[in-house]
Structure formats: C-alpha cells, structure tokens
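Respectively, the protein sequence lines represent chains A and B. Heads up: the first sequence is residues 299 to 530, going by this note's numbering. Heads up: the second sequence is residues 260 to 666, going by this note's numbering.
No lab work stands behind these hints: they were computed from the structure. Just so it is clear, CB atoms sit at the ideal spot from N, CA and C, and this is done for glycine as well. Wrong hints could be hidden among the right ones.
30 Å max Cα-Cα, derived DSBU-like pairs, lysine-lysine [said to hold, decoys possible]:
hint, chain 1, residue 1, chain 2, residue 2
1, A, LYS432, B, LYS277
2, A, LYS357, B, LYS475
3, B, LYS475, B, LYS414
4, A, LYS413, B, LYS585
5, A, LYS432, A, LYS413
6, B, LYS395, B, LYS414
7, B, LYS277, A, LYS417
8, B, LYS585, B, LYS277
9, B, LYS277, B, LYS583
10, B, LYS583, A, LYS369
11, B, LYS306, A, LYS310
12, A, LYS327, A, LYS357
13, B, LYS653, A, LYS310
14, A, LYS413, B, LYS583
15, B, LYS277, A, LYS413
Pairwise CB distance ranges, derived in the manner of DEER restraints [stated by the list, open to error]:
hint, chain 1, residue 1, chain 2, residue 2, range
16, A, LEU393, B, LEU282, 16 to 26 Å
17, A, GLU315, B, PHE267, 39 to 49 Å
18, A, LYS310, B, LEU282, 37 to 47 Å
19, A, ASN457, B, PHE267, 26 to 36 Å
20, B, PHE267, A, GLY428, 22 to 32 Å
21, A, GLY428, B, VAL554, 46 to 56 Å
22, B, PHE266, A, LYS310, 38 to 48 Å
23, B, LEU553, A, GLY428, 47 to 57 Å
24, B, LEU282, A, PRO394, 17 to 27 Å
25, A, ASN457, B, ARG664, 24 to 34 Å
Each chain, letter by letter, is given below.
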Amino acid sequence: MIQLSHISKIYKNDSVETIALDDISFKVKEGEFMAIMGASGSGKSTLMHIMGALDLPTKGTYILDGEDVGKLEDDELAEIRNRKIGFVFQAFNLLPRTSALKNVAMPMVYAGVSKEERKEKAKKFLEMVGLADKIDHTPNQLSGGQQQRVAIARALVMNPRLILADEPTGNIATTQAEEIMAIFQDLNDNGHTIVMITHEPNIAEHAKRIIHLRDGKIVNDGNHHKQRRVKR
Amino acid sequence: MDISELFFEAIGTLTLNKLRTGLATLGIIIGIGSVIALVSLGQSSQKAVAAQIQSLGSNLLTVIPGAQSAGFVRGAAGGATTLTYEDARALQTSPQVTTVKNVSPEFSRRTQVTTGRKNTNTQILGVTPSYMEVRKVSLASGSFISARDVESMTKVAILGSQVVSDLFGDGVNPVGQSIRINNISFRVIGVAESRGGTGFQNQDDVVFVPLTTAQKQLFGADYVTSISVEAQNESVMTQAQDEIGYLLLARHKLKDPASADFTIFSQNDILGAASAVTGTFTTLLSGIAAISLLVGGIGIMNIMLVTVTERTREIGLRKALGAKKKIIIAQFLIESIILTFAGGVIGMVAGVATSYIISNMINLPFALSPNSVLLAIGVSGAIGVLFGWYPAQKAANLQPIEALRYE
Chain A
299 MIQLSHISKI YKNDSVETIA LDDISFKVKE GEFMAIMGAS GSGKSTLMHI MGALDLPTKG
359 TYILDGEDVG KLEDDELAEI RNRKIGFVFQ AFNLLPRTSA LKNVAMPMVY AGVSKEERKE
419 KAKKFLEMVG LADKIDHTPN QLSGGQQQRV AIARALVMNP RLILADEPTG NIATTQAEEI
479 MAIFQDLNDN GHTIVMITHE PNIAEHAKRI IHLRDGKIVN DGNHHKQRRV KR
Chain B
260 MDISELFFEA IGTLTLNKLR TGLATLGIII GIGSVIALVS LGQSSQKAVA AQIQSLGSNL
320 LTVIPGAQSA GFVRGAAGGA TTLTYEDARA LQTSPQVTTV KNVSPEFSRR TQVTTGRKNT
380 NTQILGVTPS YMEVRKVSLA SGSFISARDV ESMTKVAILG SQVVSDLFGD GVNPVGQSIR
440 INNISFRVIG VAESRGGTGF QNQDDVVFVP LTTAQKQLFG ADYVTSISVE AQNESVMTQA
500 QDEIGYLLLA RHKLKDPASA DFTIFSQNDI LGAASAVTGT FTTLLSGIAA ISLLVGGIGI
560 MNIMLVTVTE RTREIGLRKA LGAKKKIIIA QFLIESIILT FAGGVIGMVA GVATSYIISN
620 MINLPFALSP NSVLLAIGVS GAIGVLFGWY PAQKAANLQP IEALRYE
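For reference, chain B alone in the conformation it holds in the complex (with noise of 0.2 Å):
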C-alpha cells in the first residue's frame, strides 16, 4: 500500500465527520494564522522604521554631545552642552575635513506653541538652511530658513504638517499668519511636506526656526544639541566619522579619544538599534502566538485519541487481515499530518490576510519572508507528526482480538 492510497483513504475518513475536523483543525489555523500574522506586521513595522530611517540619507552621520558609552542612546540631546554652532561652522570650513559636504547644526526643544485660540505641544528645531539639504526637508509651500535669517535671528517659523492640522486645520495654508512661541510671535513663512509618522516620533510634529533665534531668543542657550553631518558619499563614511571626531577632539582641547565629550553615529547604528527593538517585540509576539499554536496540537492529539477509540473495531479488523504496525502508524499520521497540514496552509492565508489589511489600515508597508512561509508549513506538518505520534502508536499497539471484541 504505498503513501498516495493511504493519504485519499485519509482523505476519505476526514470528510466523514466535517464539523469534526474542521474543529480540530481550527486551533491550528488559528495557531498558524497568529504566528504568520505578528511575524508579518513584526516585519512590515521593522521595514517601515528602516525606511524612515534610511529615508534621511545613508550618508548622514549624526554629532551628539555626552561622552561615548555603551551604545549610542547615552545622552540625549540637551542632556550634555559641548557642542557649539562655532564646532559645526569649523566641520564645514576646516581643510582638515575632506569629506564632508554639508553641516547642519540644530537645536531641539519641546514647547507649547499657540495660535491665540489654539494651542499644542511641539519640537522646536532650530536650524540653519544647510538642514535642509542634509535632512531631504522639502516644502509643500513658502520657503525655507536663509543664511540672513540666522545672521539677523529673525522671528519666522517653517510648520510641520502636523502642527499645520493641529493649529488651523487640515487643509488650511498658514503661510504669513503667525504663531506665539514662549510668547514670542512667529510669522510663518512655510510648510514642510508631510513626511510619515511611523517609528520612534512623528516627522511632521515639529516647528523650524533660525538657529540663532531658537538659542538666543527662545532658550537662552549658546550650544547645539546636535550636528547633522552628510558625508560626500555612503564609501567616505567611517573616513568621515575620524576626521570629524579628530577635529572636534582638537577644538575640545582633548588629547585622548576615549575621554570625547562627545558621539558620533550614523543612520545604520540606529537602523540597527531599532531593528533590535522591534526584533525582539516580534519574537515574544510569535512566542505567545506559539502558544496557541501548541494549544492547536494538543487539539489534534485529543481528536486522534477519540479517533482511535472509535474506530478500535476496525483497527483490530485490518489487523486480523494483516496490516502491520507500520501500516497502521502510516494511517493514523497521515490523518493527523493532513489535518495539521490543512491547518496550516489556511492559518497561512488567514494570517497574510490579516497582515495585510492590518498593514493597510494603519498605513504599514506590508512584508512577509518567505521563510517564514516555509517554516509555518513546515511546523504544521512536524506537529502533526509530533502529535499524531502517540495516537498512532496506541492504534498500532492495539490487540487484534481486544479490538476486535470491542464493542
């Protein structure tokens, strides 16, 4: 009797009973279908951050002063003063550095900002014109921050979209109403083009001003809270990385480039970064999916053993008639493996469909590896073999005459 008559006679018993089986195949899909459907929106959110991230430039190197340590999320910005806009001039100027294009210099705080009537809670980015080559802003209207407007601190604001629909409305152009910032009024002169709003924090909730008047008009500041450094290009970058730490070594009057005051880190650092975050939300997600998962298989072991006993009659019967133990083995798991199997190709489906609209619905470019295609059938079938084991094995072992008494 070779495996394909074994499988339609699996086949044929497994339609006898339909509400049955497809009862016990319902933990599976629903196993399955979890596993691929967090596995899924797991691996739509991690390309969604790398896509922003990267979305800055994969030449963009990034100065933040506090001293180096474990990882680069030591000291946030404004957490340490080193960094100066004269650091960042020098970084552009300096013949030293040979490999840098543009400098961007910034200052960053949350604050309130009003219209009279309305109010909100944004960042406050001082800049100077460079950011905007650096950082790929592009505007949906007005114009940007020039060279005069941070030579001369003038009071002019460019609106993330954000901060647009929170302070006049979606759809409304601010471009010449003003805005109060620490109670200082701002004439809007721009609006940012939306740029997304997934990830760590959203692009378009933010506020840009001069550089000099976001430190000496807003905040009483004389330092930076970061520099935004683009490399000539993506092969330049570590070259970069050196001149810019030995340059800011040398004006920091430091000799030894363990005691820097400050780092220097790049878009992949924090790709990376991120991507470990959201790696490990994913894998404790599939973990407890996983459990309903093996949830599923103690179903199909339950099945199979009232399986078994109701079909003990026929059991000792094909025995009598000379079936081996084997035979009887191969029976029961290809039962069990076809259930599980079934389980898992539409828990497969169900969960890309999910996915996919989830992804959808919250604006998620939607991603699904293969792999993890191949590894949910492939965990399907090794549970139906897993737990068809033990049934199979009590069919196998049953006594012809026992079985054959058996009422």
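Only chain A is shown next, with the shape it has when bound in the complex (with noise of 0.2 Å):
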C-alpha cells in the first residue's frame, strides 16, 4: 500500500547540504502496525513529514494507495492529507478555545462534509476513544491524554488509509500513555495501518515491526520478537 523507493531528503542551507534521508527503501503494508526509531537528527521526522505529505522527496518516489504523491500541487497534497492521512502529533495540535467536537470534525470540514454529518460522526469517533462525556470541552479543559484522544478520534474520522503518529506519547503522563497506545492497538486490530515515530523502545515495542534510523539511513528493520500485550 505504502512504498517507498530510494528515497533521499537534502537541506540546502548557505550552500551547505545536509542529507536529512539517504536512500531510504521500504514498503509498509495494509494492516501494519510500524515504529519508526531513532535518535534525534536521525531523520525521522523528515521520514515521517514525507510520509505524511507534508514535504516532498528531493530524491526517489513515494507511492500511497497507488498515487504518486512527488508529483503532486500544494493543493492536491491538501487532499491527500485529508482524505489518506491521519495525523497524530506529540503536541497534539488541538485548535484552542474550540469544543473537542469541533476539533475532530475539523478534516471533515475541508472535505465538504454537510455539518449535520461532521457532528454526527465526530461524536461517533469521541465516543470511541472514551470522550463521550466531553464532547464540548475545550482542549485547556481536558488532561494530556485527554486531549490526545481527541487528536486521535480526528485523525481517525475521515476514515483515512495511514494513521501517522509522532511520538503520541510524548507529552504525556505514562499511566496514560499506556491507554493511548492500548487505543492504537485497537485500531491495529481493526485493520488500521499505523506509523509511529518514537524513541521510546517500550513505546516502540506495541508495534510489530520496528525500523531503525541513523543518519538519515535504515539500520535495522525487522519484525520484533517480543511477546505482544496479550488483547484484552
């Protein structure tokens, strides 16, 4: 579903190159559940921006869902992001002073969704991460992981093919950074194709595949062999 070729990332800045991605090859398929680790300056997140189509390859191609995404306008990434890509952030990136409701139907507001229909399936989606009682709370209202949630039940209402997660567990108490990924592997059961970018290993470890980043290069990519957290 994902694949990626040769792929290579080059800052240019006062003539002098940084090589962000060297080369980077790896397919992801439907249904996995992948972390991707590194320390920082590894090029994880440019990894992660490209996945996401926020950024563009300065080498290779990137291929989601059978779509050329290199070749692709501003405009035209917009769509993509929306309607393929589900994004979870470290800093959760909730809009404030605005209801949980409001935040999760957001991509559904640039999709052309009639509002009737943005409520009703925001509210679905709140439910579904345990928020059902908070729906017009406001993101200062609700705690760390609260909030993560929220950022959750929005990257998951458009229904897209990837959920991209950067260090979701990041900014977060551990007790409920432990709901948060007991909530991705729910969704990993259910058929949801999952990246997440940690450098965390205990975090890496809910994923059943990890790839290792060092300098902008994969070291290591493997399916780990550590007992998964046995379903509840």
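Hey, can you piece these two chains together into the complex? The hints should help.
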C-alpha cells in the first residue's frame, strides 16, 4: 500500500548540504503497525513529513495508495492529507478555545461534509476513544491524555488509509501513555495501518515492526519478537 | 465549508481579542466617518447656497454693466458705468419687450452707517418699489420705498435685520428713528424680514434707500450697478434674455452682440458657479479625509499580518489536515473584510451624526445622498480585500511543516 523507493531528502542552507534522508526504500503493507525509531537528527521526523505528504523528497518516489505523491501540487497534497492520512502529533495540535467536537470535525470541514454529518461522526469517534461526556470541553479543560485521544478521534474521522503518529505519548504522563497505546493497538487489531515515530523503546514495542534510522539510513528493519501485549 | 461558516468562525476569532479588533477598526471608523461627514457637510452647504439663490426666483435675470467675458463674474457691480435708470425704464415700457414682468434698477455700494453712538459698514442698496416684487423682499415692520420716494429723492431707509441689531440692538423696532449715511440723515421707515445669511454674503446686512437718493444725494452717480429683471415665467427666460439684450444693444447704439457693454445672467448661471465652488471644496476636503482612510487600511493590514504570524501553528495544522489555499485565503480575507466593513458602518453612522450635529449648529439644511453612503460601505469592503489580500496570501503560502514547527 505504501512504497518508498530510494527516497533522499537534502536540505541546502547557505551552500551547506545536509542529508536528512539517504536513499531509503521500504514498503508498508495494509494493516501493519510500524514504529520508526532513531535518535534526534536521525531523519525520522523528515521521513514522517514525507510519508505524511507534508513535504516532498529531493529524490526518489513515494507511492501512497497507488498515487505518486512526489508529483502533486500543494492543493492536491492537501487533499491527500485530508482523505488518506490521519495525523497524531506529539503536541496534540488541537485548536485552542474550540470544543473537542469541533476539533474532531475539522478535517471533515475541508472535505465538504455537511454540518449534521460532521457532528454525528465526530460524536461517534469521540465516543470510540472514550470521551463521550467531554464533547463540549475545550482542550485546556482536558488532560494531556484526553487531548491526545481527541487528536486520535480527529485522525480517524476521515477513515484514512494510514495513521501517522509522531511521538504520540511524548507529552503525556506514563499511565495515560499506556491507555493511548491501547487505543492504537485496538485500531491496528481492527485493520488500521499505523506508522508511529518514537524514541522510547517501550512504546515502540507495541508495534509489530520496527525500523531503526541512523544518519538518514535504515540500520535495522524487522519484526520484533517480543510477545505482544495480550489482547483484552 | 461555506461562506456563512467562515463568517461565524471569523466573528468568533475577532471577538476573542476585542481591544485589538476595536483599535484596528478605529482607523476605518475615523476614515469613513470623516469622509462621510465632509461629503455630507459639503452637500449641505451646496444645498443651502442653492436654496438661497433659488429663493430669489428662478425667473430672475440680472443685467450688469461690463462686457461679456469668460464666465459672468467679470466686472463686479460698479466696475463699469454703462447701465442707467433710463435703460431700466425702457425695459419696463418698451413694446419690443414682451416677456418681462418687473424691472428693478439697483445702485449698490458699501459705506459707513451710524446712529451717532454705534456705526457699521454695510451695503447701501438704492432701489425702486419694484425691488420688493422682483427680489421677494418682505417687511417685518413699516413700509417699503414708494414711487414718490424715488421721484422726490426722499431720505428714507429700510434696514436689514443685521443692520438693526448692529445699530440698535436685537429686538428693537427702529421705525421712526434716524440714521446717518455719509453724514446725511435718513429716517427709518421699515425693517426687512430676515432672509438668512449663509453663502457668499449676508442678505440681512443691507440698507435700502430710494434709487435716486443713492445716486444723487449719497454717491453722485448717474448710472446703476445692476438691473434685476423678473421674466413672466421660467419658460420664457431665453426669450427674455434675447429681448433685453437687443433692446440694450439698440439703446447703447451697438450693432455687434459680441461688443455688448453689459452682461445678462440668470440665477441658474450663479447656481452653477456656486455649485462648482462648493463642489471643489467638498472634493478637496474629502480627498484629505480619504488619506486617513488609507492610513486606516494600512492599520488593518498591520493587524492582519500580526494575526497571521500569531496563528502560524493554527494555519499549519489546518493545512496539514487538508485545508486548501483558497480556504485559508477566504478565512483571513473574511476576517479583514468584517473588520473594515464593521468600521465602515460604524464610521458611517458616526459621520452622519457628526454632520447632522454640525449642520444644525451652523444652521445648514442637513443633506446626505444615498450614493455616498453606498460608496462608503463599498469602499470599506474594498479596503478589507485590498489590505487583507497580502496577509491572507502569506497565510495560505505557509508550508505546513514550517508552520507546525513554529513556536
């Protein structure tokens, strides 16, 4: 479903070239739960941006759901992000002073979904992440874990092919982090494809496959053999 | 996402920071307000001047000595001495002149008038009884100059209300008292009704005396400074103008109308010139006010740029979640249009109120054309687009990753 072939990303700054990604190729199959690990500066954020159609590679091709993302215009990329990718950010990135319901509904606004349908769907997904009683709360009335659950509901609401999570537990207390990971695992069990960036091994352990990046190169790619947490 | 949703979202955003929104709008309020107030005051004074000129009668023609030249203004009364009392009488009596109803020869000059204790510099108007009819003068008290007064050069005077208050004080009836003009004593026999004093000259600052008295006793002249002619009605104005012209040419033994030593003009001619003058002033003042509107627009642009910078993360997020450029542009344009439009509407109300208060204070008829209101509202909306465009573009062109990283 996702195919990266010889992807390189080179930043030029005052004639100094920085190679963020160096000839990376891999595939992600439908239903996979993959973690990308690496120290800061390893290129994992850049890889995430390219996979999220937020940025274009300098070299190489990126095929997402049969479409060559590298050849698209800004507005076409926006549409890809809207319909095919669900983002979960480290900093949640919810709109302040805006209710959980409206935050979840936002991607549907840009997809042209009617107001009634937006409300109904947003409610459904907030119920799914266990926030049925918090739909009118604004982000500053919610805990970090709750905010991230709102963000996950928002990522799911367009029924994307790929869920991209960037350090989803980075800003959350450890106890709540486990709840967030449980949600991701449930999603994966229900067939969602998830790619997650993290530098915490215990978080990465929830994934079925882990890619290690160092200096823009893949140094290790494999299914890890630790037993997955037992399903509830 | 339709416009109404964007609109309500923009309203929500703008009310979050009321002080800033208010201050940003203030520039537009002042700009639109001053433009509206000045245009309205300009129209008011134009209306006042027009009303004053038209109150003299739309079938009034004025003949003044002096050659026709560019515009009628050439040769202020007294500049030339080619018109006589006899000319006026000929206009009244000649069988060739069929469209003229009344003829009023006038001799006008400014001089000092005194009661002994108080004195004032005012306009002395030597007139005949027909002046009252031709120039629509009515009396507050006493009587006007009679034909006998003109024949026998009696020393009687009718005072304008301004002169009464200058010489005798407000509310005093001076009929029967005497005044001195050029050291000659005159008996006051009447007071003219006040006619208002806006426009070029105060029509109440005048003393009427018999024409012959003014010519012979006061100023030693044998000419008149102007002849006012009342035509039968408005539709014969051109014919009347021609008849008067040919008669006077014949009397002055002139063959070529181009060499005429007099000028005939109607109230409409004066009205046109007066409108041109007030129109120029209005345009000039509105131009100055428009500069403040421009400054207000720049203020809006400034605030919108600050807003875009402040909301970089929000814009990045919206783009990451699928917002296309035109939606982001629309979002910020609508915000700036709401700012300027609200400013425009408030400014318009403030401008109209200001103009209303000022025109009441200085006794002008209040006037405001619906066109200028529509224009003001249109302009304020256009300013929103014009000065909101660049910030909106800037927002739409933000790269989502840069924007999301922005702290």
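Requested in this report: Enumerate the violated hints, using their earlier numbering and listing them in ascending order.
Outcome: Structure breaks hints 2, 11.
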